[in-house]
Every structure is written in C-alpha cells, then in structure tokens.
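Chemist: Whole structure, please, built from the sequences with the hints as guidance.
There are 2 protein chains.
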Amino acid sequence: MNRTTARIISGVLGIALGLLIAFVFFADLNKGEENASSNKSKAEKVFVPYGELDEYYMMASGGHSGQLFVYGVPSMRKIRTVPVFTPDPATGYGYDDKTKEMLGGYTWGDFHHPAISETAGDYDGEFLFANDVGNNRVAAVDLSNFHTTDIMSLPNMGGPHAGVFVTENTEYIALPTRFARPLGDEYAPLDKYEEEYKGVVSMTTFDREKKKFDLAYQVVLPPWSYDLSDAGKKMSSDWIVMTTYNTEFATTNQEINASQHDRDYIVMMNWKKLEEAVKAGAGNDIKGTTMIDPRDVKGAIFAVPVAKSPHGVDVTPDGTRFIAAGKLAPMMTVFSFEKAFEAIEKENFKEETFGIPVLGYEDVMEKEVDPPGALGPLHTQFDDRGNAFNTMFISSEVVKWNIESGEVIDRTPSYFSPGHASATEGDTVSPDGKWLVALNKIAKDNFLSVGPSHPESMDLIDISGEKMEHIMAVPVDPEPHYAQIIHRDKINPIKVYEKDEDRENSVWKQEDARIERKGNEVHIYGIAMRSKFIFDASAERQDAVSVKQGDKVFFHMTNIDLDQDITHGFGINDYNLNFEVQPGQTNTLEFTADKAGVYPIYCTNFCSALHQEMSGYLLVEPK
Amino acid sequence: MNRTTARIISGVLGIALGLLIAFVFFADLNKGEENASSNKSKAEKVFVPYGELDEYYMMASGGHSGQLFVYGVPSMRKIRTVPVFTPDPATGYGYDDKTKEMLGGYTWGDFHHPAISETAGDYDGEFLFANDVGNNRVAAVDLSNFHTTDIMSLPNMGGPHAGVFVTENTEYIALPTRFARPLGDEYAPLDKYEEEYKGVVSMTTFDREKKKFDLAYQVVLPPWSYDLSDAGKKMSSDWIVMTTYNTEFATTNQEINASQHDRDYIVMMNWKKLEEAVKAGAGNDIKGTTMIDPRDVKGAIFAVPVAKSPHGVDVTPDGTRFIAAGKLAPMMTVFSFEKAFEAIEKENFKEETFGIPVLGYEDVMEKEVDPPGALGPLHTQFDDRGNAFNTMFISSEVVKWNIESGEVIDRTPSYFSPGHASATEGDTVSPDGKWLVALNKIAKDNFLSVGPSHPESMDLIDISGEKMEHIMAVPVDPEPHYAQIIHRDKINPIKVYEKDEDRENSVWKQEDARIERKGNEVHIYGIAMRSKFIFDASAERQDAVSVKQGDKVFFHMTNIDLDQDITHGFGINDYNLNFEVQPGQTNTLEFTADKAGVYPIYCTNFCSALHQEMSGYLLVEPK
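Keeping their order, the protein sequence lines are chains A and B.
For the first sequence, the tail end lands on 631 under the numbering used here, and the numbers increase by one without skipping.
For the second sequence, the tail end lands on 631 under the numbering used here, and the numbers increase by one without skipping.
Among these hints, one or two may not hold up.
A pair holds if it fits inside one copy or across any two, identical chains being indistinguishable in the list.
As the list claims (entries may be wrong) - In silico DSS-like cross-links for lysine-lysine, where the CA-CA straight-line distance does not exceed 25 Å: (1) 220 to 603; (2) 280 to 200; (3) 347 to 631; (4) 452 to 306; (5) 631 to 295; (6) 603 to 295; (7) 295 to 556; (8) 560 to 603; (9) 475 to 48; (10) 354 to 295; (11) 354 to 200; (12) 556 to 200; (13) 347 to 556; (14) 218 to 498; (15) 53 to 354; (16) 603 to 108; (17) 295 to 475; (18) 53 to 631; (19) 48 to 442; (20) 375 to 287.
Think of the hints as simulated: they come from the structure by calculation, not from any bench.
Note that this is a predicted model, so its numbers are computed, not measured.
Modeler: Here it is in structure tokens:
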C-alpha cells in the first residue's frame with residue numbers, strides 16, 4: 009500500500025467508530041462554547057426586520073417530498089414550497105388539467121439536486137432544473153412565476169441521482185444514473201449484471217422560449233453507480249465530470265461489497281465531441297433515444313482513478329481543477345484539467361475498461377488535502393478568495409482550505425452529519441463568499457422533539473471572514489440534498505399573469521361567463537373575482553351550476569383580479585377537488601359528476617374580507 | 009337605527025374603502041418607524057442559539073394543504089409538516105397500507121382549526137384534532153409520535169368550518185357545518201333552500217385508549233352558515249357557542265345577499281342536556297347517525313342576536329363571558345353567560361325561530377368595545393392578566409383591551425390583514441400571556457417575491473408587557489387559519505417505537521427475514537437497518553426480490569434500528585412507490601407488480617454514512 013491508500017479507512021467498522029467519536033466529541037464539546045455576546049451578534053446577523061428583504065434566495069431540493077423549497081438567506085425563513093414532482097392541493101398543483109397531465113399519474117418524486125440555469129457560468133435566474141431519482145424524470149421550474157413548466161421522463165435510467173448539473177451556457181442538463189439496469193427497461197437476472205446491466209447518462213436540452221425539454225442523446229457506460237457530477241467552466245467548459253462507486257459490480261449488500269476497491273473512478277466526458285458525433289450519425293436507437301457507446305466515439309470519454317466511493321466532484325470557479333470528496337476516504341483530491349488534457353493529448357493511458365481509456369492517478373492528481381481527523385468529505389463549495397469548503401459527514405464539520413496551497417484555514421462543527429453544503433453563488437464562476445449553508449442529515453436534539461422521526465437540519469455559517477462563524481441551526485422537512493443560493497437581484501418574478509384575451513378558455517368580462525353543454529359534457533367558462541364566482545352571467549343564480557349525474561364537467565376559470573397575491577382557490581365540498589387560479593391565470597378542472605346531490609363550491613385561498621362569502625353550489629341531479 | 013346599528017358598516021363599499029385606507033396607512037407609516045436599537049433587541053428575543061430549544065410548540069393548521077404545521081416559538085422556525093388529510097411522500101403517508109386506508113382515497117383536505125385535547129380546560133398535550141372543510145372529516149394527531157392516528161368522515165355536513173373546538177375535558181369535539189345542504193346528502197333544488205337545506209352540528213367523541221373517533225350525535229339547525237365556535241369553561245363548561253352568518257338564507261351572491269341583516273345570531277347549545285336527551289332516546293336516524301331536532305329537546309338550544317356576520321366567538325379564560333368579533337361590524341361584543349342563564353331561567357325569549365328560542369340582545373350583552381377606526385374584528389385571544397387581543401382584518405392591526413373595563417390599552421399594526429391570532433396557551437383557562445402570533449392573509453411585499461402568488465405571513469408579537477411589541481413577520485405556506493401554542497413541557501413524544509415481538513408482520517431478527525408465496529401473493533417479511541435491506545435471510549442475495557409480472561406484492565418492513573431519528577425510507581425506482589419505517593415501526597406496502605423488468609429499491613431517507621449503499625432490486629419476470 010502507498011501512503012494514500014494506507015490512509016483510506018477500510019470498510020464499515022472504521023466508519024461506525026468515526027461516527028461514534030464524532031457524535032460524542034461535537035455533541036458535548038461545542039454546545040458549551042456559545043456565549044451571550046456572540047449570540048447577540050449572531051442574532052443581529054440573521055434578523056431581517058420588517059420592511060427589509062433577505063439578500064439571497066436559497067433554492068433547496070425537497071428530496072422525497074418531490075418539491076422545491078425556497079428560503080430567504082440569511083433569515084433562513086422558508087418562503088415557499090414550489091410543487092415539482094408531487095401533487096400539492098395548497099396550490100392546486102396536479103388538480104388542474106395542465107399540471108395533472110404534466111405529472112402523468114405520478115404521485116411523488118425524489119428531487120435531489122437543483123440547478124439554476126447559467127449564462128457564461130453564472131446563474132442567470134431564469135429557470136431551475138430538478139432531477140427525480142425515484143421515477144427517472146427531469147423538471148424545469150420557471151423562476152418568473154415559480155411554477156413547474158415542464159417534466160420529461162427519461163428511458164433507460166435507474167435513478168438520475170448524479171444530476172442535474174448544467175453546462176456553462178445551459179447547453180445541456182446532464183443526468184447520470186445511479187443504479188444500473190438493463191437497457192430498454194428490459195428484464196435480466198442479476199447473474200447477468202456485468203453483461204446486461206448498464207449505467208446511462210442522459211443529456212437533455214431545454215428550449216427557453218418553448219419552455220420544453222428534449223432528450224438529445226444518452227451515453228451507455230459500465231454498470232457502475234454514478235453518484236454526483238459537475239460541468240466544467242471556462243477552460244474546461246466542454247467537459248463533464250462524474251464520480252462513481254460500485255466499480256466492484258456488487259449485486260447485493262453494497263454496504264460491504266461496493267466498498268472493496270481502494271479506488272473508484274471519475275469519468276470525464278467531452279459533451280462537445282459527443283454532440284458532434286451525434287450530429288454525424290453515431291449511436292443506436294434504444295427506446296426512441298440515440299444511445300452512444302464509448303467504443304464508437306473515441307476521444308470523448310475517459311476515466312481517472314480516485315479514492316474509494318467518492319461522493320461529490322466539483323469544478324473550481326476558474327475551471328482549472330476538479331475536486332473529489334472522498335466519502336470513504338478521509339481526504340479531498342484536487343485534479344488538474346490541464347494535466348488531464350495533457351495525458352489525453354499524449355494518449356498516456358494506463359488501461360482500458362469497457363472501451364474507456366483510464367488515465368494515471370498520479371498524472372492527473374495535483375494534490376491530496378487531508379486535514380487530520382476530518383472524516384467523510386462529501387462535497388466542495390467555493391468562495392471568491394480562492395478557498396474551498398468541504399462538508400465532513402462523519403466528523404460533522406466544515407473545513408475551509410486554500411485551493412492553491414492546500415493549507416487548511418479553519419474548521420467549524422456542523423450539527424450533525426452534513427451532506428452537501430451550498431455557498432452564495434457557490435457553483436458559479438464568481439462565488440460571493442458571504443454565506444454557506446450546510447445541509448445536515450441528522451438533527452439529534454437540536455429542536456423541539458416531534459417524535460421518533462426528526463426534521464433534517466441546516467446550519468447557516470458566515471464565511472465572509474478569515475474564520476468561519478456558525479450562526480444557527482434551522483429545521484427543515486425531509487429532505488434537502490442540495491441547494492443553490494442566488495442573489496435576489498437575479499430573480500425577477502412577474503407580478504400577475506398578463507391579461508390575454510386570446511387565451512383559450514379565458515373569460516374577462518363578467519357578462520361573458522357562460523355554460524355550454526355538448527352532449528354529456530358541461531363546459532363552464534367562469535370568472536373568479538373578489539368576492540364571487542360567476543359561472544353563468546345569464547342565470548338567476550350566477551354562482552350555481554346544475555348538471556346531471558354522470559356528466560363530464562369542465563370548470564374553465566379565469567381570475568380577473570389583476571392584483572398581485574390575490575389568488576382564488578376553488579374547492580368542491582365532498583368531491584375531493586380543489587384547484588387555484590392566480591391573478592390573471594386561466595385553469596381548467598375536469599371531472600365526472602358521478603355523485604348526485606348538492607355540493608358547495610367555495611374559495612379555498614383567502615382573498616378578501618368577504619372571502620368567506622365567496623361560494624356557490626354544484627347541483628348534481630340524480631340519474 | 010340605534011347607536012350600535014348605526015355604527016355597523018353597511019355592505020361592501022365601506023369594507024373596500026376601509027381596506028384601501030388600512031393598506032395605505034399601515035404600509036407606508038410603519039415601515040419607517042423601525043430603528044436599529046429596537047431591531048437589535050427584537051433580534052435577540054427570537055434568536056434561539058444552538059443548544060437551546062424554543063419554549064413553545066405552535067400547532068398551525070395548513071388550510072388547503074391539508075396538513076399540520078409545527079413551529080417553534082419564539083424562533084418561528086418550522087419544525088415539521090405533519091401529514092393529516094393529504095398524502096405525503098416525504099413521510100410515506102398515504103402509501104403504506106394503514107395510512108392509505110385511513111385516507112380512503114381522498115387526496116386533500118381543507119384543515120382550518122386545530123384543537124389540542126384538554127383536561128380541566130387546559131391543553132394536556134396528548135392529541136390534536138383537525139377539521140376538513142373540504143371533505144367533511146375530522147382527524148386526530150397523536151402528539152406522542154406526531155402521526156395522524158384516526159380520520160372519520162361525517163355525513164350530512166357541508167364543510168365543518170366552525171370546528172374543531174373541544175369541551176373542557178375533551179368530552180366532545182364539536183364540528184358545526186358552514187354550508188347548508190339537504191340532509192342525507194340528498195339532492196334538492198336551491199328553490200327549496202329554506203325547507204330542505206339544513207345546518208348541522210356534529211358532536212364527536214374520541215377514545216384516547218383506542219385512539220378512535222365516534223360520532224355521538226348530530227344536531228339539525230336552520231340553514232344558516234356556522235362560522236366559528238368555542239366551548240365554555242368552568243361555570244359555562246356545559247355549553248358551546250357558535251357564530252352564524254347568512255341568516256338571510258341567501259342562495260346566490262352571498263357577498264351582497266348574506267350581508268343584509270344588521271344582526272345574525274350566536275347559537276348557544278347545552279351539550280350535557282343534549283347528551284341526556286340522546287341517552288333517553290331522542291333523535292332520528294339519518295344516514296346512520298342520531299339526528300337531534302331542537303324542537304324535540306327543549307331547554308338545550310338558544311340564539312342570541314349579534315352584530316352582523318360575526319367571525320370568531322371566544323369564551324374568556326374564566327368562563328364567564330363570550331366575546332363575538334364582528335367582522336362586518338367594527339366592534340367586539342362581550343356577552344355574559346350569567347345574564348344568558350338568567351334570561352333562559354326566566355324564559356325571557358323575544359321570539360322563536362326554527363324551534364329555537366331567541367334571547368334579547370340587551371339581556372345578554374354586557375358591553376360593546378369599539379376602538380375608533382378599528383375595522384373588521386375577526387378573533388379574540390387572551391392573556392393571564394384579564395386582557396383580550398383582537399385581530400382587525402380590515403385595519404390590519406391587533407387591539408389589546410381590558411375585558412373587565414372595556415378600555416383599549418394598546419394597538420399594533422399587523423402585516424397584513426390578520427385572520428385569527430393565537431396566544432401562548434390562549435384557549436385555555438390559564439393563558440401564559442407571553443407571545444401572540446397573528447395569522448395574516450396578505451403578505452404584500454414582506455418577503456422576497458415568488459411570483460404572482462405570495463406566501464401567507466405570520467406576525468410574532470410580544471404581549472408580555474403593558475404595550476405590545478411587533479417582533480417580526482414570517483412567511484408560511486398556504487394557509488394557516490388557526491393555531492394553538494402549547495408550552496413544550498406539555499408535549500412528551502416517544503423516542504422510538506417499542507420493540508413489540510408480537511406485532512403483526514414484524515421481524516426483529518435478521519435470520520427471520522423471509523419471503524412467503526401464497527398463490528399470486530408474495531409476502532416479504534423484511535428488515536430495514538443501517539445500512540441494508542434484508543428481504544430473505546436464506547437467499548444468495550438477501551436484498552433482492554423476484555416476483556412474476558402480475559403478482560400482488562406485500563413488503564412488510566420493520567426498522568430494527570431502535571435509535572431516535574434513524575428513519576429508513578423505501579423507494580422502488582420507476583414504480584411510483586415510496587414509504588418509510590420509523591425506528592421500531594413496522595409498515596406494509598402493497599402493490600401489483602404489473603410492469604416487468606428490473607427495479608432498484610433504495611433507502612429514500614438519509615440514515616447513515618452508507619445510506620447511498622442501502623439498496624436492493626425488485627426483479628419482475630415477464631409473464
């Protein structure tokens with residue numbers, strides 16, 4: 009064993025011990041060190057008085073909630089849950105026709121990593137992309153209205169955990185798969201794992217005008233697990249890097265069997281070269297998608313050995329290096345793109361695996377950063393002064409170090425077991441270096457107990473000085489895996505939806521509200537306004553609708569209150585139906601009136617002093 | 009017109025004007041009055057440093073999200089979303105067999121008012137009850153584990169908006185209906201409104217041992233809308249009071265038509281007398297429920313006139329008075345139980361309506377409290393020093409006044425349009441008088457914009473001194489209508505589920521994990537533990553399950569990690585399935601394996617350093 013591999017903690021026992029030590033150490037030692045005067049200044053740092061606004065938006069993934077959580081930083085107040093992969097009656101998401109169709113019958117997703125669209129390597133604040141590890145989808149949230157605008161299903165995938173990350177100008181949104189599966193979503197026994205199971209990277213594009221995804225192509229890779237990825241910047245902007253684990257091809261008990269090798273790989277992919285190859289006709293059609301095999305496109309895909317089972321790999325703001333966080337090795341490894349390019353240029357390959365040339369570790373590695381006792385590095389973030397910040401899952405801390413020198417500058421505890429961290433503008437070519445939020449996995453007794461299962465927790469850390477300062481811990485619903493923090497000046501939401509008289513199904517004048525019957529279909533072209541519903545302007549009771557049992561009913565509702573924040577809800581009592589129309593919006597609710605009787609309709613989203621009176625009736629005459 | 013009615017603002021125009029004035033006035037004037045030194049002390053008041061805990065739990069309804077929101081006070085950090093009426097993949101709620109059955113196919117609810125169980129008029133911290141205005145249900149959350157433990161559907165109801173409130177020892181959880189509907193959920197045209205449509209109060213009981221609801225009886229009332237209610241305390245503990253609106257019997261355009269009368273009613277109901285009558289055999293069976301008609305039970309139900317369209321009615325901590333908040337009248341009316349009892353005793357009735365004796369307003373009213381310019385009182389809360397606090401929806405403020413003298417002591421702005429407010433222990437016989445949270449309906453520009461629809465907002469107000477102090481505004485997802493704030497010492501959650509070897513389907517020893525096939529049913533008796541799944545201890549791959557396409561699959565999973573906060577998730581990739589097992593819990597996931605192929609299974613809730621490796625495979629052989 010060389011020096012590096014000797015230092016790699018072997019297997020599960022070491023980790024369990026490390027966890028135990030870390031918990032005991034940090035839990036007891038650090039609570040005592042707080043004092044009244046530092047709490048006072050901490051309190052002032054995060055207090056945003058009434059009339060002022062937070063400086064940053066934090067966009068956090070909601071994990072298996074399927075949703076996006078929007079926080080203000082530094083107050084850490086949660087501003088909004090934006091529904092993405094899961095229906096949400098609070099906003100009618102998944103109830104109106106459009107969002108119901110977009111969800112396609114799925115009732116949840118596992119949203120791991122948000123990525124804000126970029127221009128020239130900087131967040132541009134237009135869209136946010138989301139992966140669904142649970143059901144193999146990618147989604148886009150329009151940050152002009154904080155609504156999910158498109159969701160696309162990805163074939164051939166086994167959980168796109170290693171996405172989403174965007175290239176420098178959002179040319180591609182990359183989603184590498186976590187679990188190997190047979191291509192074409194076919195069946196094959198686990199004994200055929202090495203032959204039949206595949207890793208896949210989906211390269212998707214997003215049309216900002218049409219607000220629609222396209223799956224440009226996929227790349228078939230060995231049945232390793234792809235954990236995280238990042239896109240290059242500047243000199244490395246044509247490249248994508250991805251970590252792998254389970255290069256052991258374990259098909260059972262991964263806890264032990266996928267932790268055997270001292271080294272796994274980082275895969276480097278040149279998306280420009282792959283794009284050219286696809287244009288030139290490379291690839292095979294698998295389930296309607298162009299699938300590229302590395303054997304067919306030389307010079308585009310390489311592997312670099314890396315300390316065992318790495319989690320994150322992150323490209324430095326200047327684009328010259330990529331840093332792997334070891335997870336099961338106690339160090340960060342800094343790799344040089346320049347050295348990698350040189351080795352590729354010289355075809356200095358150590359071996360080839362699955363048609364992928366493997367570069368030499370020593371040929372690409374620039375330095376190993378190994379702070380004493382810091383265990384379980386998971387993810388790297390950056391400031392504007394050449395420093396990197398690493399979360400240490402096992403020793404529950406954040407380590408600040410200098411990228412150029414490798415010198416460790418400061419360490420601060422995190423409560424507890426941080427996964428990723430997110431720095432202000434931390435994934436861009438120009439980080440802000442003000443705040444870092446550690447996304448912790450275990451809350452222990454940080455907050456009032458809510459039973460056997462606790463919230464997750466986030467630490468707000470001030471990184472503006474030479475030393476880091478832990479400010480506060482904040483609880484959070486399950487489960488942010490990653491977040492991006494963007495300056496408020498880059499987000500410009502609309503105030504209301506534009507009044508568009510040509511919009512399908514919209515009604516803008518009260519006298520135009522009407523009910524049209526076509527066979528057993530009843531179409532209500534209605535209006536929601538403070539503080540009434542108008543379904544039929546010509547009726548004695550304008551806010552009542554009579555249908556026959558079995559009719560198919562379409563409520564096309566337009567909110568004509570063009571006034572910010574005046575959203576109307578629309579619930580039908582006892583019919584399990586609720587949707588909403590935001591100011592200026594038109595939405596359709598479609599259902600079959602299969603139950604006879606009388607069903608109150610009421611506004612479910614508070615809108616005015618007479619909100620309680622904003623109601624009507626659906627009368628369903630028995631057959 | 010007498011003095012009182014002359015002061016009642018007539019109709020919509022006045023309200024609109026009031027709103028306009030209030031918005032302009034408070035929005036511009038009050039932002040300027042903050043200053044650096046008061047912000048400093050405010051910041052310190054709400055900052056809970058790491059290692060300390062909030063003093064109070066705030067249990068807030070989540071409105072049309074259907075869920076319970078748990079906050080810490082004074083930090084106002086949201087600790088937990090407890091799913092109640094809506095499925096929640098973040099916790100697997102609505103996915104495992106038990107919670108799926110409890111939800112009964114409903115995908116949302118409209119949860120308006122939480123009520124913590126009481127003993128001798130004090131919150132006892134054992135259970136929390138919730139109403140569903142959307143789908144006519146009542147739910148109980150077990151505060152020992154913060155899980156919903158029972159949901160009951162209520163027949164004959166049109167949205168139990170005016171509940172839930174509990175009697176002094178939680179003998180009854182009362183739910184009066186908001187919208188009149190024909191009894192038996194039958195059909196009747198709106199022209200038959202006065203004859204065929206009815207208001208109904210559901211009187212439910214809850215067995216704390218069995219953790220189950222029962223619908224004891226219902227009371228049929230006139231087709232008024234019942235808005236809010238409260239239970240008596242001490243001298244008035246046998247009574248329930250409820251506000252009404254739409255005594256006009258409007259069947260359309262309630263905004264105008266339900267705001268015509270200068271007076272609506274407060275209904276007083278003696279639940280002890282009704283209980284006796286039910287025991288004696290009173291009532292008719294309607295849809296399986298004992299329905300009581302006031303005409304058949306004399307001396308139990310009375311009406312008191314009250315200023316038009318009141319919202320809240322709240323019983324003072326000492327139980328001697330009930331206070332109506334006028335909504336469309338600019339004042340609070342204090343009524344005396346003693347005076348009411350005297351009038352009832354003397355049979356001093358002014359008239360009878362629908363068999364209900366109507367008491368004289370002047371005979372029961374004690375005082376009218378009418379702060380100049382304070383418009384739209386909605387709800388009353390209390391401190392421990394004889395004071396009441398009223399939210400003013402239209403003039404956007406909280407008014408503090410002395411109950412005994414009626415004197416107005418202080419007023420503070422609220423940002424904006426507060427609905428209810430909640431004081432620490434504010435609905436009990438012994439409020440704490442420390443904090444008040446105003447639940448605002450409109451956020452305006454309080455927070456970073458998230459598009460056309462904003463979050464709701466909550467104001468934290470320090471009420472410990474003679475003067476109130478507005479501390480901060482906090483955003484919140486739609487939409488808390490009411491909250492109760494309970495001292496942390498009263499909540500005692502369990503740390504893990506007890507290891508119960510007799511529990512059905514549970515498996516505690518690794519070697520007992522097994523798969524049993526019964527025809528086309530496949531039962532997996534499995535274990536989730538750090539950091540692996542064991543489905544079949546005897547198999548070559550213990551974490552793989554093979555079934556045939558079309559098989560009915562039951563994953564009975566036990567989490568054997570008896571360690572607080574170590575929850576395991578269980579997602580099946582591409583199968584739209586996810587549930588969880590909390591430490592010591594056994595849950596069952598049931599589905600039909602209708603898609604052939606290979607589907608990774610993985611832990612969706614972070615559990616350990618090797619969480620990422622906690623996975624397995626479901627193999628579905630094609631037919």
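Chemist: Looking at the structure, which of the earlier hints fail to hold?
Modeler: 1, 2, 3, 4, 10, 11, 13, 15, 17, 18 and 20
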